[in-house]
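Colleague: Okay, here's what each chain looks like letter by letter:
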Amino acid sequence: MAERDVVDTVLGFARTLRHAGVPASPDRVQAMLAALGHLDVLRPSAVYWAGRLTLCAGPDDLDRYDAAFLGWFSGRRPRPAPAAAQVQPRLAVSAPLDAGTGEGDEDPDAPDLAARASADEVLRHRDVAGLTDAEKAHLRRLFALMVPAAPMRPARRRRPAVHGSVHPARTVRRALRDGGEVSRLVHRRARPRPRRVVLLVDVSGSMTPYADALLRFAHAAVRARPASTEVFTIGTRLTRVTRELRLRDPDRALAAGGQAIPDWSGGTRLGEVLKAFLDRWGQRGTARGAVVVVCSDGWERGDAALLAEQMARLKRLAHTVVWVNPHKGRMGYEPLTGGMQAALPSVDHFVAGHSMAAFEELSGVIARA
Amino acid sequence: MSERTVPGTPDELAAALEGTGYLADEGLATAAHLALAMHRPLFLEGEAGVGKTALAQALAQITGRPLYRLQCYEGLEASQALYDWDFGRQLLHLRAAEAAHAADDPARLEASLYDRRFLLARPLLQALEDAPSVLLVDEVDRADDEFEAFLLEILSDFTISIPELGTVRAEVPPLVVLTSNRTREVHDALKRRCLYHWLAHPDFDREVAILRRRLPQVTEQLARQVARATATLRTLDLLKPPGVAEAMDWATALHTLGARDLDPDLAARTLGAVLKYREDTERVRSLAPEALLGG
Chain A
1 MAERDVVDTV
11 LGFARTLRHA
21 GVPASPDRVQ
31 AMLAALGHLD
41 VLRPSAVYWA
51 GRLTLCAGPD
61 DLDRYDAAFL
71 GWFSGRRPRP
81 APAAAQVQPR
91 LAVSAPLDAG
101 TGEGDEDPDA
111 PDLAARASAD
121 EVLRHRDVAG
131 LTDAEKAHLR
141 RLFALMVPAA
151 PMRPARRRRP
161 AVHGSVHPAR
171 TVRRALRDGG
181 EVSRLVHRRA
191 RPRPRRVVLL
201 VDVSGSMTPY
211 ADALLRFAHA
221 AVRARPASTE
231 VFTIGTRLTR
241 VTRELRLRDP
251 DRALAAGGQA
261 IPDWSGGTRL
271 GEVLKAFLDR
281 WGQRGTARGA
291 VVVVCSDGWE
301 RGDAALLAEQ
311 MARLKRLAHT
321 VVWVNPHKGR
331 MGYEPLTGGM
341 QAALPSVDHF
351 VAGHSMAAFE
361 ELSGVIARA
Chain B
1 MSERTVPGTP
11 DELAAALEGT
21 GYLADEGLAT
31 AAHLALAMHR
41 PLFLEGEAGV
51 GKTALAQALA
61 QITGRPLYRL
71 QCYEGLEASQ
81 ALYDWDFGRQ
91 LLHLRAAEAA
101 HAADDPARLE
111 ASLYDRRFLL
121 ARPLLQALED
131 APSVLLVDEV
141 DRADDEFEAF
151 LLEILSDFTI
161 SIPELGTVRA
171 EVPPLVVLTS
181 NRTREVHDAL
191 KRRCLYHWLA
201 HPDFDREVAI
211 LRRRLPQVTE
221 QLARQVARAT
231 ATLRTLDLLK
241 PPGVAEAMDW
251 ATALHTLGAR
261 DLDPDLAART
271 LGAVLKYRED
281 TERVRSLAPE
291 ALLGG
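Protein sequence lines correspond, in order, to chains A and B. Numbered continuously in this note's numbering, the first sequence closes out at residue 369. Numbered continuously in this note's numbering, the second sequence closes out at residue 295.
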């Protein structure tokens, strides 16, 4: 194979791989070419490993890589990955992308500020399920302004501070500057760090009216603390959408999230999906010492006993478990569904999540957790 | 230790690793070969107990390079990972200089304070100074993101600059092995500079070979049965599926009790060597012994 051919082949393969959803960036492709320089190019397994070692970044990439590799190097058309096949025009549900309704700062007929403010106040307490499109658009703007505060935890790392224990290294360094005379003690103390917040958002059929608002809340949380917030959607399967929600613009972030979620408006298997979360993420560390917020109405299609067991496991791992149920905001609500009954013994805070005001309250609960 | 010639192909490397008792499959051998040839750090991820740390030790052994290990934990600071000044000795030096009336020239005195002999090298600096070496950054996912950023800086050009002393540069970049148990997603910027390898549980034959190799005192029969039972345990959807390390512990425990093969009674008594959760133990105890021992 001429060198030119190798480069072309690898570039074409990288393109296929990007289509399959593995972010094979140019520097990674360059690394693959460099790796091939150290291996026997005519051996298929050498090419396979050179690519896998340089282009993949996590276990999730490996299956996609295998499929793309088989497709590209065996000459067959790669079958579209399951995740890609499910990208349907569900955008409308996940992120209503309709343009603004015309009300805004430039609107000449804008009502005066006081009236607007009181309208906001009313809107804040309305159930998001019963809003008109114009009201929803307005609420989206309120969501965009929201900055949820993060809960804090004591940290191990200590930084220089005015008070606290003596920092020997800095004290002596200072003394050295003064000719070896300890003239002043320098202190250090642990500063609190943000505690991890994990949001598990139910996107099943029964939660459809609230999923958009919940994901917007999740987006606000991710935007406020990108490093210490994780968002997953639960339904019939578990999907991590943290990466998608890191996009700055709420509408674009939700559209990206919507594309990543394959089980939109499907059924709910809370117990199983919660188990998948704990097995793959939670127990390894994502849920350890974190504030875990489950946003669901508790309609469980599967076995409620499994849900109870997994919630108990979650409770042992997490610092605080918060359950958000939009129906709790309704008058006369009783947590009677099987799933809710099973989960409640392991829940620290049970809150409503049906209106803007309820989300603000939720934000407070998380911050104080 | 003197450096030996590094094997030239993945196959030769695998053979050399086997000589130390580490059985690597083609993917892992290729990864290690490329890490050596391309001077790129090797980022190993996988379940606990699949041999991530052991690989670094085996690589150090076959290349004849010294191994420097940095165990990561939350709150790990530069003074524990890179270098620190030995303040106590610096103060003593100062006092001694004063007593000898050598403190007349402050500039010279100060320069003598920041001498290499007052510098305490920690693993990262040691690995660069003692090049060529093998640097194992263990469980990098346990360190916090500040430390990651700082590691990135060192791994990109293998230099450490010490303001008072100058820049330390590795003549030959060390072979860097980073391991992670995925308790936290490590930042992409760090992964991009590395070769990424996911280490899975070995298949049955390889596991038997590993057990035989590492524990020659264990009978072939027992090794095969332990490997089969461990493989079965991994399919049971347990909270913590056993790794190779647990399989070895189990085989050792059984051997210590004088077992020549795995019978249900001994298996039940030694389950604590493989299963580390009460729920898992109860689940396995409730199964029929044949399910675990393969009849």
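These aren't lab readings, by the way, just hints derived from the structure by calculation. Take the hints with a grain of salt, since some may be wrong.
Capping the alpha-carbon separation at 25 Å, the derived lysine to any residue pairs in SDA-like fashion look like this [as the list claims (entries may be wrong)]:
no., chain 1, residue 1, chain 2, residue 2
1, B, 191, A, 338
2, B, 240, A, 248
3, B, 191, A, 37
4, B, 240, A, 338
5, B, 191, A, 285
6, B, 191, A, 228
7, A, 315, A, 338
8, B, 191, B, 165
9, A, 315, B, 173
10, B, 240, A, 240
11, A, 315, B, 122
12, B, 191, A, 328
13, B, 276, A, 281
14, A, 315, B, 142
15, A, 328, A, 129
16, A, 315, B, 236
17, A, 315, B, 191
18, B, 240, A, 19
19, B, 240, A, 11
20, B, 191, A, 303
21, B, 191, A, 45
22, B, 276, A, 309
23, B, 191, B, 206
24, B, 276, A, 284
25, A, 315, B, 228
26, B, 191, A, 133
27, B, 240, A, 129
28, B, 191, A, 142
29, B, 191, A, 312
30, A, 315, B, 183
31, B, 240, B, 278
32, A, 315, A, 331
Distance windows between CB atoms, simulated [claimed, not checked]:
no., chain 1, residue 1, chain 2, residue 2, range
33, A, 361, B, 188, 50 to 60 Å
34, A, 26, B, 12, 30 to 40 Å
35, A, 209, B, 188, 12 to 22 Å
36, B, 108, A, 187, 49 to 59 Å
What the simulated footprint calls covered on chain A by chain B, stretch by stretch (three residues with Cβ under 8 Å from a Cβ of chain B suffice, anywhere in the stretch; the number is not a length) [said to hold, decoys possible]:
no., region
37, 123-130
38, 342-350
Bear in mind that the values here come from a model prediction, so they are computed numbers and not experimental data. Quick reminder that beta carbons are idealized off the backbone N, C-alpha and C, glycines included.
Colleague: Flag every earlier hint the structure violates by its number, smallest first.
Modeller: Hints 1, 2, 4, 8, 9, 11, 12, 17, 18, 19, 20, 23, 25, 26, 27, 28, 29, 32, 33, 35, 36, 37, 38 are the ones this structure does not satisfy, whereas the remaining hints hold.
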